[in-house]
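Undergrad: Top to bottom, those sequences are chains A and B.
If you count by the numbering used here, then the first sequence holds residues 1 to 117, one letter each, in order.
If you count by the numbering used here, then the second sequence holds residues 118 to 232, one letter each, in order.
Keep in mind that the hints were calculated from the coordinates and are not lab data.
It cannot be assumed that every hint is accurate.
To be verified - In silico lysine-lysine, DSS-like type, Cα no more than 25 angstroms apart, as pairs: (1) B/Lys-194 - B/Lys-139; (2) B/Lys-175 - A/Lys-71; (3) A/Lys-57 - B/Lys-219; (4) B/Lys-175 - B/Lys-219.
Keep in mind that this is a model prediction, so the values were computed, not measured.
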Amino acid sequence: NAGVTQTPKFQVLKTGQSMTLQCAQDMNHNSMYWYRQDPGMGLRLIYYSASEGTTDKGEVPNGYNVSRLNKREFSLRLESAAPSQTSVYFCASSAYEGQGWGTDTQYFGPGTRLTVL
Amino acid sequence: AQSVAQPEDQVNVAEGNPLTVKCTYSVSGNPYLFWYVQYPNRGLQFLLKYITGDNLVKGSYGFEAEFNKSQTSFHLKKPSALVSDSALYFCAVRVGYSSASKIIFGSGTRLSIRP
Numbered sequence: 001n002a003g004v005t006q007t008p009k010f011q012v013l014k015t016g017q018s019m020t021l022q023c024a025q026d027m028n029h030n031s032m033y034w035y036r037q038d039p040g041m042g043l044r045l046i047y048y049s050a051s052e053g054t055t056d057k058g059e060v061p062n063g064y065n066v067s068r069l070n071k072r073e074f075s076l077r078l079e080s081a082a083p084s085q086t087s088v089y090f091c092a093s094s095a096y097e098g099q100g101w102g103t104d105t106q107y108f109g110p111g112t113r114l115t116v117l
Numbered sequence: 118a119q120s121v122a123q124p125e126d127q128v129n130v131a132e133g134n135p136l137t138v139k140c141t142y143s144v145s146g147n148p149y150l151f152w153y154v155q156y157p158n159r160g161l162q163f164l165l166k167y168i169t170g171d172n173l174v175k176g177s178y179g180f181e182a183e184f185n186k187s188q189t190s191f192h193l194k195k196p197s198a199l200v201s202d203s204a205l206y207f208c209a210v211r212v213g214y215s216s217a218s219k220i221i222f223g224s225g226t227r228l229s230i231r232p
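This is chain A alone, in the form it adopts within the complex (with noise of 0.2 angstroms):
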């Protein structure tokens, strides 16, 4: 049971190049989310998707698209990186505990550390 799995783990990228951010959850999770991290500034959230076949857009969206490739994969894509960018990239999940919408505990993955140069 490996949890939250992302590729790839590290990725340096010249500006205007494009590349996908993967993540997969083996845990039956119904929602998933992509997060940024940068110093002082703590997590903000770029996507989400509620369910399979759904996405809504989070805190700082502009410059990213994500695609829900099925229940376990949730991927990110960068259409033409920009220096602005770089950071630490994570993708979490969470199943819905019963309790009402947003009070699920979330599981991490690793991160991607992203340098656009």
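Keeping the supplied structure of chain A fixed, place chain B upon it in accordance with the hints.
TA: Coordinates of chain B only, in the frame set by chain A:
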């Protein structure tokens, strides 16, 4: 605006002493509050959460948190700190309702426990 604040960037405590990491929130409706911990080069791990009921919530690794509605606070506490507790701690709060709800994280507090 709905938000969560961690007023201290860093907290330094001697091993064996009690520790407190502060968190205050501003949300409409009933607050759902969380604490997560991040060890170096790792993703966040869940510590505890308050949904309803007893104001004192117990979580992993001997941590607990007290929900105070009048002060809109949810401070993380531990009676006796360990060096291994040194990490980055995040408070988080749910905003929104139903399937559109999401979690907002604070900026984090670095906890340093000296031997």
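Undergrad: Now look at each hint and say whether the structure bears it out.
TA: Hints and how they fare:
Our distance criterion of 25 angstroms between C-alpha atoms is met by B/Lys-194 and B/Lys-139, whose separation comes to about 9 angstroms. Taken as a hint, the B/Lys-175 and A/Lys-71 pair is broken in the structure, with Cα atoms around 32 angstroms apart against an allowance of 25 angstroms. About 11 angstroms separates the Cα atoms of A/Lys-57 and B/Lys-219, which keeps this hinted pair within 25 angstroms; it holds. At roughly 23 angstroms between alpha-carbon atoms, B/Lys-175 and B/Lys-219 fall within 25 angstroms of each other, so this suggested pair holds.
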